[in-house]
Structures are given as structure tokens and as C-alpha cells.
Amino acid sequence: MAKEIKTGEIVALKKIRMDNEREGFPITAIREIKILKKLHHENVIHLKEIVTSPGRDRDDQGKPDNNKYKGGIYMVFEYMDHDLTGLADRPGLRFTVPQIKCYMKQLLTGLHYCHVNQVLHRDIKGSNLLIDNEGNLKLADFGLARSFSHDHTGNLTNRVITLWYRPPELLLGATKYGPAIDMWSVGCIFAELLNGKPILPGKTESEQLNKIYELCGSPDENNWPGVSKMPWYGQMKSSRPLKRRVREIYRHFDRHALELLEKMLVLDPAQRISAKDALDAEYFWTDPLPCDPKSLPTYESSHEFQTKKKRQQMRHNEEAAKKQKLQHPPQQHSRLPPQQHGVGQSHAAPHWPAGPNHPMNNNAPPPQIPAGGPGGHYYGKPRGGAPGQNRYPPSGNQPGGYNNQSRGGYSSGSYPPQGRGAPYAAGPRGPSGGYGVGPPNYSQGGGQYGGSGGSGRGQNPMGGARNQQYGWQ
Amino acid sequence: MASNFWTSTHYKELKDPEEVNVVHPLDAQRGISVEDFRLIKLHMSNYISKLAQHIKIRQRVIATAVTYMRRVYTRKSLTEYEPRLVAPTCLYLACKAEESVVHAKLLVFYMKKLYADEKFRYEIKDILEMEMKVLEALNFYLVVFHPYRSLPEFLQDSGINDTSMTHLTWGLVNDTYRMDLILIHPPFLITLACIYIASVHKEKDIRTWFEELSVDMNIVKNIAMEILDFYENHRLFTEERVHAAFNKLATNP
Numbered sequence: 001m002a003k004e005i006k007t008g009e010i011v012a013l014k015k016i017r018m019d020n021e022r023e024g025f026p027i028t029a030i031r032e033i034k035i036l037k038k039l040h041h042e043n044v045i046h047l048k049e050i051v052t053s054p055g056r057d058r059d060d061q062g063k064p065d066n067n068k069y070k071g072g073i074y075m076v077f078e079y080m081d082h083d084l085t086g087l088a089d090r091p092g093l094r095f096t097v098p099q100i101k102c103y104m105k106q107l108l109t110g111l112h113y114c115h116v117n118q119v120l121h122r123d124i125k126g127s128n129l130l131i132d133n134e135g136n137l138k139l140a141d142f143g144l145a146r147s148f149s150h151d152h153t154g155n156l157t158n159r160v161i162t163l164w165y166r167p168p169e170l171l172l173g174a175t176k177y178g179p180a181i182d183m184w185s186v187g188c189i190f191a192e193l194l195n196g197k198p199i200l201p202g203k204t205e206s207e208q209l210n211k212i213y214e215l216c217g218s219p220d221e222n223n224w225p226g227v228s229k230m231p232w233y234g235q236m237k238s239s240r241p242l243k244r245r246v247r248e249i250y251r252h253f254d255r256h257a258l259e260l261l262e263k264m265l266v267l268d269p270a271q272r273i274s275a276k277d278a279l280d281a282e283y284f285w286t287d288p289l290p291c292d293p294k295s296l297p298t299y300e301s302s303h304e305f306q307t308k309k310k311r312q313q314m315r316h317n318e319e320a321a322k323k324q325k326l327q328h329p330p331q332q333h334s335r336l337p338p339q340q341h342g343v344g345q346s347h348a349a350p351h352w353p354a355g356p357n358h359p360m361n362n363n364a365p366p367p368q369i370p371a372g373g374p375g376g377h378y379y380g381k382p383r384g385g386a387p388g389q390n391r392y393p394p395s396g397n398q399p400g401g402y403n404n405q406s407r408g409g410y411s412s413g414s415y416p417p418q419g420r421g422a423p424y425a426a427g428p429r430g431p432s433g434g435y436g437v438g439p440p441n442y443s444q445g446g447g448q449y450g451g452s453g454g455s456g457r458g459q460n461p462m463g464g465a466r467n468q469q470y471g472w473q
Numbered sequence: 001m002a003s004n005f006w007t008s009t010h011y012k013e014l015k016d017p018e019e020v021n022v023v024h025p026l027d028a029q030r031g032i033s034v035e036d037f038r039l040i041k042l043h044m045s046n047y048i049s050k051l052a053q054h055i056k057i058r059q060r061v062i063a064t065a066v067t068y069m070r071r072v073y074t075r076k077s078l079t080e081y082e083p084r085l086v087a088p089t090c091l092y093l094a095c096k097a098e099e100s101v102v103h104a105k106l107l108v109f110y111m112k113k114l115y116a117d118e119k120f121r122y123e124i125k126d127i128l129e130m131e132m133k134v135l136e137a138l139n140f141y142l143v144v145f146h147p148y149r150s151l152p153e154f155l156q157d158s159g160i161n162d163t164s165m166t167h168l169t170w171g172l173v174n175d176t177y178r179m180d181l182i183l184i185h186p187p188f189l190i191t192l193a194c195i196y197i198a199s200v201h202k203e204k205d206i207r208t209w210f211e212e213l214s215v216d217m218n219i220v221k222n223i224a225m226e227i228l229d230f231y232e233n234h235r236l237f238t239e240e241r242v243h244a245a246f247n248k249l250a251t252n253p
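Here the protein sequences line up with chains Y and U, keeping their order. Counting from 1, one number per residue, gives the positions in the first sequence under UniProt numbering. Counting from 1, one number per residue, gives the positions in the second sequence under UniProt numbering.
Hints were generated in silico from the structure; no laboratory data involved. For clarity, every value in this text was computed on a predicted model and none was experimentally measured. We put the beta carbon where it would ideally sit given N, CA and C, even for glycine. Honestly, I wouldn't trust all of these hints.
[What the hints assert, rightly or not] Cross-link-like lysine-lysine pairs, in silico, BS3-like; alpha carbons within 30 Å at most:
#1 Y:K37 - U:K15
#2 U:K202 - Y:K37
#3 U:K133 - Y:K37
#4 Y:K37 - U:K12
#5 Y:K48 - U:K76
#6 Y:K48 - U:K133
#7 Y:K48 - U:K15
[What the hints assert, rightly or not] Covered by chain Y, according to a simulated footprint, are these stretches of chain U (three or more residues, beta-carbon under 8 Å):
#8 99 to 112
#9 126 to 138
[As the list claims (entries may be wrong)] Stretches of chain U that chain Y covers, calculated by requiring three or more beta carbons in the stretch to come under 8 Å of a beta carbon on chain Y:
#10 5 to 15
#11 90 to 96
For reference, chain U alone in the conformation it holds in the complex (with noise of 0.2 Å):
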């Protein structure tokens, strides 16, 4: 989408990361933490990714639906909206949105062929009824604006835009997606950080380029910083503190 991101309701609604990551009350009874909020909305993100890879959706289909759900936990708690739920739905807004348009039918096919178990099993006629739910959470605000549209002219500007560098920026950029970035920063910031993070690693000094850029440094490293972080302890993120995070929203308080 064109279009100026400074008069977006994506620019507007742009949260603090406290507010991000609050978990809702009634979540909260059920012995939520933080920590199993965040890992939640990440295995969540993981399950579209999986699930649009298997339709052959884009990447930045993808992107607008992991966007739209972490977007909904905003504001709704995991309890009242069965992430496992929203998440294909979000999915299935997500490709209208943006002009690729998968049938209910089939993202339902798939959703039984990626998951034998019951709790991922739904309905065409969930997904619909949940669609509204989706859109009503979401206030019906629906444009995202994402890192990878600035992502290669900022590497054309910057005169590193060969192939690995390319794979290793977006590669980052997928990453984010993780993560609540979207939700907080400036999706242009998030692009950024992402070649500062490369440019380290690939020992491309391209400090000048950045200096001349006139955005806050601090902002640009401290996202670089998070997403670090999250590489630190991703391995910390194992599939039971994935169950058992689900089974606490399982049980009744």
C-alpha cells in the first residue's frame, strides 16, 4: 500500500512496549505470565508462517497476519480468543487484504493436514465467525506498513546490496515478525536495525551511511539489541513451555 506511513493508523496506533505486553486479566487468573504470553504469540507466528508456506502464500501476506494477531492481543485476552483459532483466521484476513485471496475451504484443509490434534481442529464456519471478531478487535484497522518495502533501497543507498547481504536482511526482517516490533516502532526503524545487525556481522562498516541518515541511532540499536536478545533465547523456547503455557489457559481459575 501507498501511501504516507506518518498519516497511517499504523503510525497511530503505535504502542510503548509496556503497553504491549500486558497480559489481560483474564488471562492473568489462569496463571499467565508474561513470559508465556510472549511465547504464545511466538508459537503463533511460528503456526501461520507454517501454515502459509504450505499454501504457498507470500511472505508479506504472512507478515500482515502475524501483525493483525499480535495486534489483536492488544486487546483481547488469549481465554475469550482461542489464539489457535485466531491465528488462521488471521491469516485468511490477512490474504484479502492483501489481494490474495485463499479460500476458506482450503486453509481449513490445511489446518487438518498440519495438525492432527483437536485442539487445531476448525470449521469453515469458525474461521468466518471469527473473522468478525478479528475485525471488530482490531477496530477495523487494517493497513500495515512493513520493514521490507525500505528494504532494498536502504541497501542500494548504503552500496551493500549484494546477494548474501540481501538474504541476510530479509532473512532478519522475517524474524522481527516474532517479535512485537511491528507493534512499536516505526516499520522503517525495524529495517534499519536490521542491516545495522547485518552490517556487524558481515563487518561491512557502513557507520558513515547511518550518521548521514538522520534517524535516533539509539532507537535504531536498541531494536538491533532486542533482536538480538531474542536470538540469545530462542533456544530457550521449547515446545513444553509451549504446552504448558497452553494448558494454564486450559484450566479453569
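For reference, chain Y alone in the conformation it holds in the complex (with noise of 0.2 Å):
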């Protein structure tokens, strides 16, 4: 994450990477810049400004350089403080109904502003969705993102959305494509949100295809007209016929939602639902319906970063109660989300501060702009990092990004080498840290975390003698 204290705002910063670059300013920042300039919606992320940081910025050797410029361009934009899937991944914690709809309703209405637009966003994932604590949910990361036309006449690459929301037709090969394919990974969110976890995880491209036949039952003429003349039909086909199980999969969802999960995960790209006719579903009409984004309940900030980097200091300040030997019972909370993590991990990210000591909040003083360092994060996803262990499979790479490594997004050469191997606490979501805390319930409206005094709440479940706050804001 890259903040800025400027006239006391916090904004984010978004660095765009000249090195390795042979054509000079890379096409695709110019195209994110000329995007997010004609895009103004409240469920798209404003880009405020770009700056460049004065003089000579150091580079990742730390010798000067010849071009003053490199490594010194960052996109400003407002400060969101969380994305989608760090919320999601508190631990314990679970979205109401009326919550849920609320951001699948301003997703979609995002995207359809997008899409009305001619713009493609290409990689629709949970940790491109922020949302501040006013409830609002908006589209960022207009990385991959690119203007198309109706007729579909352009030849656009495949090799765009990260893999498990990344849609069969391009999986197979299509390189003319439309706003379909941001509405299948909007499906792929919808049925994680309602699901509790990525439901299509694939490690490669054709096991990716293959899980989605597993769901969707695989593709042929009668389902998919022209499918069979997609170009890696021929390699990438299901051995065998599969029947479409979406309904028998998650016959638990309500009724509505999965009618419309349905209409979403259509493998035809040309029978998908598009975003427009998506908002008008009965889901979001019938009740429970979508709650005001502002009756949401505040949490503190968390990107999937952060989550990550929670849980890595959680695990310290176990440690450090093992020591002390104060085990105390674990406590149960009924608003705050107990902060776990996976046990047994082997935490490789030392460029995190997270010494025993080291207070749970966030507010660590903020780098300064031409912050070389993890300072040039944008919301700070982490980049890189060995397949397998990482949280997320790599995002589609487009040819010509703004940093050809492991990635098509930007400045994974930024961290510290050490930290590229910084896993993401595998499983996430997986066994939870033993302290036996029930999720907690997270009552529509009156979840702001309660309004009386701060001193039974911020307690470590740990029972550690560390003064920890949640920072709810």
C-alpha cells in the first residue's frame, strides 16, 4: 500500500514502471490514464492526478540512471481502505444478504458504466474491488483494461483476467471478445461471495477448463454455437461429456441468486447475461434487498496485503505468548473479527516489521511519495511469489505490460528481492488458528462496532498483554 499525506489527505499511489521498457511510456498506462480520465462513476475508482517525482529516483540497483524519470511516475488516486477479497478474508467473518447484494449491485452498475462506455475491464477479481467505509464498492485496476468497439473487430490478446475468473472463451482461444467476459468473472465473485471461497481455483489453463466443465457441464454446438471452431477447442475439449451442475452444486444458494448465478456462468458467451439486464434480476429486487451501502458496518482497513500481514504478526505475538506462557483462554467476541491464521505456515515475508512487540494497527507512518521501496505498491497487492504458495494464480499477462515478470500488473521488481518469495498465508481460509472463536456476528446496520468504550473489545484473543487496537475508524 503507497500513502500520501498531502493537505492532510490519504491517497493512493499507483506506480507506473518505465524499467524494461524499450517503447518508452508503456501503451498500457496510457491506456489505463486515457480510461480512468473519460470514466466518471462512483463505482469506478478516480484517478486524481499523476505525478512525478522530482530529481533522480533511485533505482532498484541504487545507481543513478539516465532517464531521470524512471521509476519516478505515480498514478494518484482516492484511498480506498479495503478491497473485496481482504474483507472477505477476515477471518470469521461473513456477509450478510442485504451486504452482499449491496456489492454485487454496485459491481454491476460499475461495470455496466464501464461497459456502456466501450471499456473492458479484463480483470475483474475481489482485490480490484475496493471499498471504503462508507459501504461504496469501486472498480480499480484499469491495468489490463482496454476501449473495444461493438462489432468486435479487433483482434484483442487471450491472455487477459486472472485465471480463476478468467471465462471458457478465452481459455479457448478467442481473440475477439466483449463485455461477456467481465460478467463471467463477475459470476465467479458472485458465487465466492455467497460460496465462501474461489469456487473455479485452477493452477493451469486447462485445468482451469476442465473445473469449469466439472461446474458448467462442457461446451458443444447445442450449448455453444461455434465452439467447436475456437482455436484450442480442438486441445483443450473435455475427454468427456459433462452435465452442467451449478444447480446441484450450490443448490444451498437462495433461490434468486442462484437463477441469476446461472445466467452468469453461461459458457456461450453470446447467451451470458450482461451487466444491465444482471441489475434488473429478481435478486436484487426481492428481499432481502440490497441494504444502503452506508448502513454497512466499518471494519478496519484491510487489503489482502494487510490480512496477510495481520496474520503474520499474529503469529509473532503467539509466539511471544507461548513464551510468556499467558494462556489465557481464548475470548469470544462477538463484533470483532478474531484475527487467525493458518498454524504451521512458514512465513517467509521478513520485510514486514512484525517484530513481538509491534502493535496490531495499521497506522505505520506512511511513506513518502518517492518512496522507492514497498512505497510504490499500489493498494498493495502482493506481486509475485512462487506459484503454489500464493494466494492468487498469476493475472493474465498481457504482452507489452508494464512489467513483463510473473505478472501483467505492475511493479513486482519494486519489493525488496527477499520479498518476492512472501507467501500468502496458504489457505487462508483453512483450519482456523485453534483459538475456537465462532464467527461473529455481524448485524445488518448495528455493526459499526458497537459504540461503547473501546476496552473489552481490543483485547488479544491470545489474552497477550499487548496493547491492541482495532483501528475501526
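Hey, can you piece these two chains together into the complex? The hints should help.
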């Protein structure tokens, strides 16, 4: 995460990497800037300005460079407290139905706006959906986004969208596609919100496609006219015909939710529901209705990378607690999500300053603008890392991205090298740390973490003596 | 680019004519007059077109490139931003922004092919370095709406969309980029001005059509007058005068 305090306002910075660019300013950045400058919507992140850091910036090797602009360009965004993945990852947290409806409605409204303005997002996933403490959801990271024309004539790359959210047409090699690709991702997120975990976590493209077939059935000319002419259909088709099982697997979902999900997770992009039609779905107009964003509970700042960070700190704290043999019984908190982490994970992220006495709150001094290191991160998503260890599969890697290593995104290189392997605690939703804490009850509406003093709520579930603060805001 | 012109940076950044033709103090010190300034911008617009035609770049990209170049000089001096480097750099940038990428190598190749003159010789690294300066000078404001977009629609609507009218108006729109009109007026008014000139020239009476549009015809006529003035004076823009202007730029005050 990059924060800057400028005239008292906290903003988010996204660094535009200029390394390894033979063709000057990256076209992907130009696209993103152009797109963000033309989109003005309450559910789309607002690009405030672009700043270039004055003077020479240290590059990764610390050697001066001929190009004084190298590494010194940042996009300045409004600061958002959470991303959807970070929020959903909060251990024990369960979204309420009106809350899910509220997020889904905002996601679809923002996406509909993009599609009307002929922009494909091409990387819809939880960590790119930012949420502020007023419950507003905004689409962010347009680094892979593109303008499209309605006739779909242009050849576009199919190496986009993070694997788990990538639609079958891209996996089958389509280079002409439209807004339906984003709608598939929305379907995956929708199911994930209802299901509590990612629904199609493939490790490779063929595994991803198989998972899709297992869920949605195998494609044929009946359910998807033209599929047999897809570039990679021959090598990627299902070994045996599979039946569609969405209804069966997700039979525990609410009827209207399932109905909508069925329309989103349609193999044939031409038959997949549009954002506009999805907004008209019964789901959003039946009780319980989507809640007002303002009524949602506010949470301590949580981004995907921060929840990870917290787990690491918790582990340190836990170790310290063990040493002190302070084994208090775990406390049940009715409102606060307990801090949990998987047991026995090997955490190797030495760049987070997580000493035993490190406070739990996130009010670490924000890095200054020209900071070369982790400060250059946009919403601080972890970049790179060994596959399998990482919580997220590599994103669709677009040729000519900001940084062609490891991911189509930005600046994986600006982590200190040892930070590269920082594992996302594998199995974030795995077995809880054994604290025996039940899921907190986020009652609708009154969820502002209560109003009484913080004395009882700030306690460390492990009973450590530290003065921990959950920074409710 | 789709989306609404009225919410765009293009609209927000429109300038008054007086703001556009202000000679930067640094240039004024070298004796550059408003006329010289205009001449150099015209010359550089022509250079961009010529270069682009050799590389076979679309007209729309040329228009964007010229607009970038003109935007740069509303903020920066000719002295500090060498026009003979800024012009091809704007073309390079416009190619990216309009999704028809041209490699810097190819651009530099044609630059050298087109002009043997030392003063036009630049290398890839010069272009890339200037690109950043141009982006900063533009304040990363890259969206341009062009008069071309509304042209077919207007011609159709006014019922004069035959081939000769299309050609004439299209050519007129191309020529508007030799002026600063794109920095000053909303593009659709420039389109209307071009249609107005063409209709008068071809003696097609579409006055009622114009009247039915809810636009201020005075502005349209003023733009048309500016375009006609430009044609009137066009033969005065000689190579010698361009050279003289560039020579002034080269002198140290």
C-alpha cells in the first residue's frame, strides 16, 4: 500500500514502472490513464492526478540512471480502505445477504457504466474491487482494461483476466470478445461471496477449463454454437461429456441468487447475461433487498496484503505469548473478527516489520511519495511469488505490460528481492488457529463495532499483554 | 473514444483564443512574434502529417498528434521544447494513445529519410526522453475528441452526404489542424463550420437545417471565417518565413 499525506488527505499511489521499456512510456499505462480519465462514476475508482517525483529516483540497484524519470511516475487515486478479497478474508467474517446484494449491485452498476462507455475491464477479481468505510464499492486497476468497439472486429489478446476468473472463451483462445468476459468474472465473484471461497481455483489453463467443465458442463455446438471453431477447442475439449451441475453444487444458495448465477456462468458468451440485465434480476428486487452502503459495518482497513500481514504479526504475537506462558482462554468476541492464521505455515516475508511488540494497528507511518521500495505499490497487492504458494494465481499476462515479469501488473520488481517469495499464508480460510472463536455476528445495520468504549473489544484473543487496538474508524 | 465530450478533459481544457497565441517569455526574448509562433506550429503540423503519411498512419492519429503538439505549446516554450523533436514525439505518443503503435525505430528511420537536415536528426533515446517531457507538459491529458467523429452523422442528417461533399468537408477538417481551432472550440462546432463552408462553396442551401440545430450559428460562422482567413493567408506562409522564424529561435538572446 502506498499512502501519502498531502494536505491532510490520504491517497493511494500506483507506480508506473518504466524499467525494461524499450518503447518509452508503456502503452498499457497510456490506456489506463485515458480510460480512467474518461470514466467518472461513483463505482469506478477516481484517478486524481499523475505525479512525477522530482529529481532522480533510486532504481532497484541504487545506481543512478540516465533516464531521470525512471520509476518516478505515480498515479494518484482516492484512498479506499479495503478490497473485497481482503475484506472477505477477514477470518470468521461472513457477509450478510443484503451486504452481498449491495456489493454485487454496485459492482454491476460500475461495470455496466464501463461497458456502456466501451471499456472492458479485463481483470475483475476481488482484490480489484475496492471498498471504503462508507460501504461504497469501486472498480479499480484498469491496467488491463481496453476500449472496444461493438462490432468486436479488433483482435484482442486472450491473455487477460486472472486465471480463476477467466471465462471459457478466453481459455479457448478467443481474440474477439466483448463485455461478456467481465460478466463471467462477476459470476465467479458472486459465487465466491455466497460460497465463502473461490469456486474455480485452477492452477493451469487446462485445469481451469476442466474445473469450468465440471461445473458448467462441457461445451458443444448445442449449448455454445461455434465453440468447435474456437482456436484451442481441439486440444482443450473435455475428454468426456459432462453435465452442467451449477444447480446441484450450489443448491444451498437462495433461489434468486442461483437463478442469477446460472445466467452469469453461461459458457457461451453470447448467451451470458449483461450487466444491465443482471441489475434487473429478481435477486436485487426481492427481500432482503440490497442494503444502503452507508448502513454497512465499517471495518479496520484491510487489503489482501494487510490481512496477510496481520496473520504474520499474529503469529509473532502468538509465539511471544507462548514464551510468556500466558495462556488465557480464548475470548469470544461478538463483533470483532478474531485474528486468525493458519497454523504451521512458513512465513518468509522479512520485509514486514513484525516484531513481537509490534502494534496491531495499521497506522504505520506512510511512506513518502518518492519512496522506492514497497511504497510504490498500488493498494499493496502482493505481486509475484511462487505459484501455488501465492493466494492468487498469476494474472493474465499481457504482452507489453508494465512489467513483464511474473504478472501482467505493476512493479513486482519494486519489492525488495527477498520479499518476492512472500507467501500469502496458504490456506487463508483453512483451519483456524485453534482459538476456538466462532464467526462474529455482523448484525445488519448496527455493525459499527458498537459504540461503547474499546476496553473490552480490543483484547487480544490470545490473551497477550500487548495493547492491541483494532483501529475501527 | 466513446464517452461524453462534455465531461472530458478535452472540454474542460478548452482555451480562449487569446490564451492560445501567447508567445512564451523565453521565446519572446529571442524575438519570436505571434506570427512566427503560429508559423512554426503550422510548419510542425505539416511535418507531422508528412511523416505520418510516409509511415502510413491514420488521419485520426495525425490529428491527435497535432493536437498534442499544440497543447504542449500552450504551456511550454519553443526554446525549451525543440519543435523538431516535439513534433515526431507527439506522433509517437499519439500512435500509442490511438492504439496504432509505431515503433520508435521505424519513426526515427523515416525522420532521417525525410530530412537530411541535421536539425531534424534525432535518435530513439531522444524521442523517449522527450516523450516523458511531453506527457508532463500535457499533464497526462491525452483524450482528444475530433471533428471527424460527428462529420458523417451531420452530413447524413443534413442530406448532403454525397461523395464530393464528404471529400470536401473531410479535407476542410484536415486543414483545421493547421490552426489552433481544436484547442479552442468543441469539435462538433468545427465540423459544422466545415460543413457550412462546403455548403456555401457547393451552393447547397441547408440554412434551414442549420437553423434547426440548437447551436449558436455565430460561433459556427466565426470558426468558418477563421478557416477562410487561413486559406486567404496561406500563400504568405513561405519557406523563407519559416526559416527566418527558426533562425530567431536558434539565436541566443
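Each hint, compared with the structure:
Of the pairs offered as hints, the one joining K37 (chain Y) and K15 (chain U) holds, with about 19 Å between alpha carbons and a cut-off of 30 Å not exceeded. Proposed proximity of K202 (chain U) and K37 (chain Y) is contradicted: the alpha carbons are some 40 Å apart, above 30 Å. Taking the CA atoms of K133 (chain U) and K37 (chain Y), the gap is near 20 Å; set against the 30 Å cutoff, the hint holds. Distance hint between K37 (chain Y) and K12 (chain U) is fulfilled; the C-alpha atoms sit about 12 Å from each other, no more than 30 Å.
With a C-alpha separation of about 23 Å, the suggested pairing of K48 (chain Y) with K76 (chain U) holds against the 30 Å cut-off. Only pairs whose Cα atoms come within 30 Å are accepted, and K48 (chain Y) paired with K133 (chain U) is accepted, the gap being roughly 20 Å. Only pairs whose Cα atoms come within 30 Å are accepted, and K48 (chain Y) paired with K15 (chain U) is accepted, the gap being roughly 22 Å. Under the rule that three or more residues need a Cβ within less than 8 Å of chain Y, the assignment of the stretch 99 to 112 of chain U holds, with 4 such residues.
Counting residues of the stretch 126 to 138 of chain U whose CB falls under 8 Å from any CB of chain Y gives 7; the rule of at least 3 is met. A stretch counts as covered by a chain when three or more of its residues have a beta carbon under 8 Å from one of that chain; for the stretch 5 to 15 of chain U and chain Y the count is 3, and the coverage holds. Counting residues of the stretch 90 to 96 of chain U whose C-beta sits closer than 8 Å to any C-beta of chain Y gives 3, which meets the bar of three, so the coverage hint holds.
Figure legend: structure checked against the earlier numbered hints; the only hint not met is number 2.
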